[in-house]
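Protein chains in written order, with my numbering: chain Y, 116 to 368; chain L, 116 to 368.
There may be inaccurate statements among the hints.
Stated by the list, open to error - In silico lysine to any residue, SDA-like type, Cα no more than 25 Å apart, as pairs:
(1) Y:K178 to Y:E247
(2) L:K312 to Y:I130
(3) Y:K125 to L:N346
(4) Y:K304 to L:I226
(5) L:K304 to Y:F127
(6) Y:K304 to L:L243
(7) Y:K142 to L:M116
(8) L:K310 to Y:N191
Unchecked claim - Derived DEER-like restraints, expressed as beta-carbon distance ranges:
(9) L:S355 to Y:K239: 37 to 45 Å
(10) Y:L129 to L:S355: 34 to 42 Å
(11) L:T210 to Y:E131: 51 to 59 Å
(12) L:Y171 to Y:L129: 16 to 24 Å
(13) L:L366 to Y:K205: 12 to 20 Å
(14) Y:N213 to L:D175: 44 to 52 Å
(15) Y:L306 to L:K181: 53 to 61 Å
(16) L:K145 to Y:K205: 52 to 60 Å
(17) L:K142 to Y:D134: 17 to 25 Å
(18) Y:P132 to L:K212: 39 to 47 Å
Worth flagging that the hints you see were computed from the coordinates, not collected in a lab.
Glycine included, every Cβ here is placed at the ideal spot set by N, Cα and C.
As a plain string of letters, each chain reads:
Number of protein chains: 2
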Amino acid sequence: MNSLELVALKDFPLIEPNDNLAEIIFKCIKNNNILVEDYDVIVIAQKVISKSENRYVDLDTVKVSKEAQDLALKLNKDKELVQLIMNESKKILSTEKNVIIVEHLLGFININAGIDQSNIPQDKNLALLLPEDPSKSAKELQIKLSEMLDKNISIIVSDSMTRPYRSGVINFALASHNIQSLLDLKGEKDLYGNKLKGTEVAVADELASAAGLLMGQSDEKKPVILIKGFNKSTYQINNSFDLIVNENDDLYR
Amino acid sequence: MNSLELVALKDFPLIEPNDNLAEIIFKCIKNNNILVEDYDVIVIAQKVISKSENRYVDLDTVKVSKEAQDLALKLNKDKELVQLIMNESKKILSTEKNVIIVEHLLGFININAGIDQSNIPQDKNLALLLPEDPSKSAKELQIKLSEMLDKNISIIVSDSMTRPYRSGVINFALASHNIQSLLDLKGEKDLYGNKLKGTEVAVADELASAAGLLMGQSDEKKPVILIKGFNKSTYQINNSFDLIVNENDDLYR
Chain Y
116 MNSLELVALK DFPLIEPNDN LAEIIFKCIK NNNILVEDYD VIVIAQKVIS KSENRYVDLD
176 TVKVSKEAQD LALKLNKDKE LVQLIMNESK KILSTEKNVI IVEHLLGFIN INAGIDQSNI
236 PQDKNLALLL PEDPSKSAKE LQIKLSEMLD KNISIIVSDS MTRPYRSGVI NFALASHNIQ
296 SLLDLKGEKD LYGNKLKGTE VAVADELASA AGLLMGQSDE KKPVILIKGF NKSTYQINNS
356 FDLIVNENDD LYR
Chain L
116 MNSLELVALK DFPLIEPNDN LAEIIFKCIK NNNILVEDYD VIVIAQKVIS KSENRYVDLD
176 TVKVSKEAQD LALKLNKDKE LVQLIMNESK KILSTEKNVI IVEHLLGFIN INAGIDQSNI
236 PQDKNLALLL PEDPSKSAKE LQIKLSEMLD KNISIIVSDS MTRPYRSGVI NFALASHNIQ
296 SLLDLKGEKD LYGNKLKGTE VAVADELASA AGLLMGQSDE KKPVILIKGF NKSTYQINNS
356 FDLIVNENDD LYR
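Bound conformation, chain Y alone (with noise of 0.2 Å):
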């Protein structure tokens, strides 16, 4: 492997609730006139996934709990986003520094159980959730995309988010399918010789990062970028989602 090519997808359309988000990518290939190969890898932005699956709340009609009211005085928030940030999450892990820190359903960690209120409409007060279940969405996009391409690709859905001990917010996979996430290196000789120990490489992240310098955060409606170049032909693929490290397996924990 010694090349890879990202191409942003020009002139996605901004998406609605229960738009057949599979059907708008396909037809978008084929407007910019790219050609899909097998083996390409294509990067969603969970918002567009989130957006057709219908993942907004009005935060006018969140209930509220005793508990959210209380965090969101202590902490100068919404008390209907404190609720629904609650409500996404298994458990808030700290508070302290003004953020709230959560264990997410889905298992990760970060900041305000990644919901979010920018790149959407400001009509209502909306808020809008990751996707329920983004493994499940990310294989129905690889099963149908594949099929309306003819070739055999790989899907990531990413998301920017916030990481300890670094400035700013990076590219990150949330969800994937068709490809392996964690690429396990043991076994394999480095430059002189010698067998690697234990090394091993968070592949979905990196094509995440990576596809996140074409995605922007602003205005730049790309969040379909296609990655060509990356041969995973070396390796079998297993389609569990392995970069969610839980408390005891993290290092730094």
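The hints should help you fit chain L onto chain Y, whose structure is shown.
The following block gives chain L in isolation, referenced to the frame of chain Y:
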């Protein structure tokens, strides 16, 4: 910015202490028949910089303190290696999970102070430290290579690191020059014309991650990746490396 191309330099030689790395990279670019243009980004694995700067330490020569000896015994690790990790660190943050998590002298947090024994010669009992001042190395390489190539290029020095909450390693930026490491989007407009409140994007980390896909961790011999198409013309370059967050500003600590 609608597409990106990443190219690994093929047949990159093994680097020895005191090699002229800029010249070797320049020659390799020529041998690969790669056209370098203004604004291209060259991502270089820290390991080849460390080797050219002779950051090898013979573990047999390391003087071991009582503290390092005790910690090595507790963790069942080589006492000279533990001493070296301590020498390279401001402080030890945790040894709870049988790994040594430190704040490195360079400010970032990782396991074993970035000291690695893979991909180095095994004839002596050697370990390889990170470059002493990666920002200085990045600046020197940027100046030399821009002059040799007669192009205005950017440099990122990268390293693969573990991270909290996620499995596997990904490639991060350790230093950069002539590129904005952290991009502040505050005030830019989102899809619906609303101003973004405060998103900062760690573009140098995303570029490093993208390059990591081609570098590999085993015997790939591809420590230098050229990224074409990353358009920085819309923002000012500030050469400070802004990706390391101090404890007070780290929302997760």
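Quick rundown of the hints versus the structure:
1. Of the pairs offered as hints, the one joining K178 of chain Y and E247 of chain Y holds, with about 20 Å between alpha carbons and a cut-off of 25 Å not exceeded.
2. The suggested pairing of K312 of chain L with I130 of chain Y holds, with an alpha-carbon distance near 22 Å, which does not exceed 25 Å.
3. For the proposed pair K125 of chain Y and N346 of chain L, the alpha carbon gap of about 16 Å is at most 25 Å, so the pair holds.
4. The straight-line distance between the Cα atoms of K304 of chain Y and I226 of chain L is roughly 22 Å, inside the 25 Å bound, and the hint therefore holds.
5. Of the supplied pair hints, the one linking K304 of chain L and F127 of chain Y holds, its CA atoms being roughly 17 Å apart against a limit of 25 Å.
6. For the hint linking K304 of chain Y to L243 of chain L, the alpha-carbon distance of about 18 Å falls within 25 Å, and the restraint holds.
7. Only pairs whose Cα atoms come within 25 Å are accepted, and K142 of chain Y paired with M116 of chain L is accepted, the gap being roughly 21 Å.
8. Distance hint between K310 of chain L and N191 of chain Y is fulfilled; the C-alpha atoms sit about 21 Å from each other, no more than 25 Å.
9. Our hint of 37 to 45 Å for S355 of chain L and K239 of chain Y holds, since their Cβ atoms are close to 41 Å apart.
10. In this structure the supplied range 34 to 42 Å holds for L129 of chain Y paired with S355 of chain L, their Cβ-Cβ distance being about 37 Å.
11. For the hinted restraint 51 to 59 Å between T210 of chain L and E131 of chain Y, the CB-CB distance of approximately 52 Å keeps it satisfied.
12. Checked against the hint of 16 to 24 Å, the C-beta distance between Y171 of chain L and L129 of chain Y comes to roughly 55 Å, which is inconsistent with it.
13. A C-beta distance of roughly 19 Å is found between L366 of chain L and K205 of chain Y, which places it inside the suggested range of 12 to 20 Å.
14. Between N213 of chain Y and D175 of chain L the beta carbons are some 50 Å apart, a value that agrees with the proposed interval 44 to 52 Å.
15. A hinted range of 53 to 61 Å is violated for the C-beta pair L306 of chain Y and K181 of chain L, which are about 36 Å apart.
16. For the pair K145 of chain L and K205 of chain Y, the beta carbons lie near 55 Å from each other, so the given range of 52 to 60 Å is met.
17. Range check, K142 of chain L to D134 of chain Y: Cβ separation about 52 Å, and the 17 to 25 Å hint is violated.
18. At roughly 44 Å, the beta carbons of P132 of chain Y and K212 of chain L sit within the given window of 39 to 47 Å.
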